[in-house]
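Number of protein chains: 2
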Amino acid sequence: MNKILYPKKEDWAKILERPVNKGEDLEKVCQAVFDEVARDGDEALKKYTWYFDRVKMADFEVTNEEFEVADREVAADLKEAIGLAKENIERFHEVQLSGINEYVNANGFRCWQEARAIECVGLYVPGGSAPLFSTVLMLAIPARIAGCREVVICTPPGEDGRVNPVILWTARLCGVSRVYKVGGIQAIAALTLGTGTIPRVDKIFGPGNRFVTAAKQMVGRYGVAIDMPAGPSELMIVADGTACPRFVAADLLSQAEHGPDSQVVLVTCVERLVEEVERELREQLDRLPRKSIAEMALKCSKYVVLNSREECVEMANLYAPEHLMLCVEDYMAWVPRIRNAGSVFLGNYSTESAGDYASGTNHTLPTNGYARAYSGVGVDSFMKKISFQEIRPEGLAYLGKTIEIMADNENLTAHGNAVRVRVESL
Amino acid sequence: MNKILYPKKEDWAKILERPVNKGEDLEKVCQAVFDEVARDGDEALKKYTWYFDRVKMADFEVTNEEFEVADREVAADLKEAIGLAKENIERFHEVQLSGINEYVNANGFRCWQEARAIECVGLYVPGGSAPLFSTVLMLAIPARIAGCREVVICTPPGEDGRVNPVILWTARLCGVSRVYKVGGIQAIAALTLGTGTIPRVDKIFGPGNRFVTAAKQMVGRYGVAIDMPAGPSELMIVADGTACPRFVAADLLSQAEHGPDSQVVLVTCVERLVEEVERELREQLDRLPRKSIAEMALKCSKYVVLNSREECVEMANLYAPEHLMLCVEDYMAWVPRIRNAGSVFLGNYSTESAGDYASGTNHTLPTNGYARAYSGVGVDSFMKKISFQEIRPEGLAYLGKTIEIMADNENLTAHGNAVRVRVESL
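Chain order of the listed sequences is A and B.
So for the first sequence, numbering that gives the first Met the number 0 puts the first residue at 0; every next one is plus one.
So for the second sequence, numbering that gives the first Met the number 0 puts the first residue at 0; every next one is plus one.
The hints are simulated quantities; they were obtained by calculation from the structure and are not laboratory data.
Wrong hints could be hidden among the right ones.
Identical copies go unnamed one by one, so any copy, or any two together, can satisfy a pair.
Below 25 angstroms or equal to it, Euclidean Cα-Cα: the simulated DSS-like pairs (lysine-lysine) are [claimed, not checked]:
1. LYS298 to LYS8
2. LYS301 to LYS7
3. LYS400 to LYS78
4. LYS85 to LYS13
5. LYS45 to LYS8
Predicted model only: the values in this text are computed from it and were never measured.
Full structure from sequences and hints, please.
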């Protein structure tokens, strides 16, 4: 090990530098395997299991018999150790649901979690045709509530080298005083790497064009996180006979005007509603300044008529839309059945525009089916949780044998030793 | 819009298909910009702002004068609208800290969040020299507690086509009965795309070799999430005069035996401790079965001697280690000052091995400095939050003007219309 005595502050970053993970170019290999698995399914798995692992497999799923053999083969002391570990892991993870976040074991140890703000965050606010000051609200407010120490904004300058005044005014209103007039790939690079002017941040938030999106996909290599993967905006409306065709048409259009690739889907069991919405939509479309954009989006959009409410719920969950409007009479009965969506708007008066701007919910939401696994931006997105544990000598005496047995069975002897040297000292 | 009447279930996925985002190859462009920004800092920003945006910028930071000009330029009605929106967004986000998660506005609307389990998750358990059954515990237990409907495991078969019995026994113990004998890139591809045998999942968890790591980096393109980016395991120990050199050496070795790229750092203000730990370390090292691996890791590892406790805290936060041991007397006083770490072990008896196996905390933790922005795996990792809002007619009447003004100022007329058609109807 290398000894470094009383280093100067300016050398600290250098001392703590991690070896850069060049990440060999395995992407082509991966893409080839992915393409073949997409095409050939299990046959491709067999091929590559032979190719990489030199094993010929007829079936992949472990059978009941194999589980039973395993049950006979595992030693009793290891079973007992794993069982005790399982109990502690279960307890500590169960309390996470309750928000208590602490597990105290009476034998002399305790584990807990504490939330901390992410220290330094960068917010990207797109420029271009519309000044998206609402993005400033949606990102700077939760950042401040979380307690981020440093919140900076990058936004592209206009042709005159200025930033739209509404963006600046809103930034100040939300307590952000460091705004940089730089956009695109170079802005994301600056937030990732730091420059003389712009600080390196820990996490980058915000929407952007295809250049910004591509640049955000790269920052992980430099140890910087991003809010979520980006995709075109989406709205699914589920409507029953109580829905107002005029309202529904207006919402479909508000989604369609975002961009030519916006996704718009209306799902209903009421076939006549489709005709009524279609009529309203034509009428309203003609009066829109962004008519040509909306028309392009509508070309790929869909009305889907289904047989039952059950089917409507199921289709919404299958699609996992960014925005889901439930224009149905008994919408509260639907709530517990919605499993995949970014943000849900209930009833005829909860228009999606309200959530985009002013009702309080965040408009930075998972698109592209990511609502199956991602939440929208919230205060959580600007924090992380650290786990802590305090094991007293008697606690380690209690846990010691379990840890030793497990470590030895994973062939990690030094892990067992770290327990042994302590228990021996007691 | 396209009309689809009463489609068959088997056609649903096809109907809901999103246009595939080919993702043009902007990676090379991005890499060039990142490399130049890393080298030239602000000069590179100037160059690319001219190249992409056709604006010559001398400085990037918005000045106080510019903020003041902006303040004069923004119309009063827009300021008022943004102010009201800010209030609602603040309220809804503030309650997220409390765990109440609901914001009720007396004027007739409310917003709340509900957590839902991610429905289908895939756990990758590495094979190879050691059977990592502890990984099964650390992933399957929170998945079950979160309530994931489908939990499947992929793990590579050995040369005999079998899976280590301890992995199978532990999987069953944790309620996972679908285990597939497939590993590497092809396992990640199968979980991402689905095959005849293996279901497509929404999120993939678990460690793996460089092939698995590379494959996990690709799954985002297919709409599948991953737990967190991977890197070599790390341990930082901060020790004072009360630390036991024998214990410290054992912990450093337990980290070093993970792999030749493991990161090990000891930070202290007590110079003599370094010599004592070094002596113990030599002695213990000789008895380790994985001595050669540990030796390689130790070559890049560091002892750092600093001037003060303040400096030790600061260095720990700067490094943001995956594992942080605080072998100091008054460790509880340090807890509130730790801002960046995956998992923290307090005092002389809280050995890292305990958290790896049995005390209850999760051992799937952010490496490579990601602890600045990421939490370790917990029940949260298997859930997402959906936001809901219910706006009654009077609520929309109250919010309406605000939304209209903001939408019109972002040039999104159809967003304003969605409000107008409703308010007109009241």
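Checked hints:
| no. | hint | in the structure |
| --- | --- | --- |
| 1 | LYS298 to LYS8 | between (59 angstroms within a copy, 23 angstroms between copies) |
| 2 | LYS301 to LYS7 | between (63 angstroms within a copy, 16 angstroms between copies) |
| 3 | LYS400 to LYS78 | within (12 angstroms within a copy, 65 angstroms between copies) |
| 4 | LYS85 to LYS13 | neither (40 angstroms within a copy, 42 angstroms between copies) |
| 5 | LYS45 to LYS8 | neither (55 angstroms within a copy, 30 angstroms between copies) |
Consistency note: the structure conflicts with the earlier hints numbered 4, 5.
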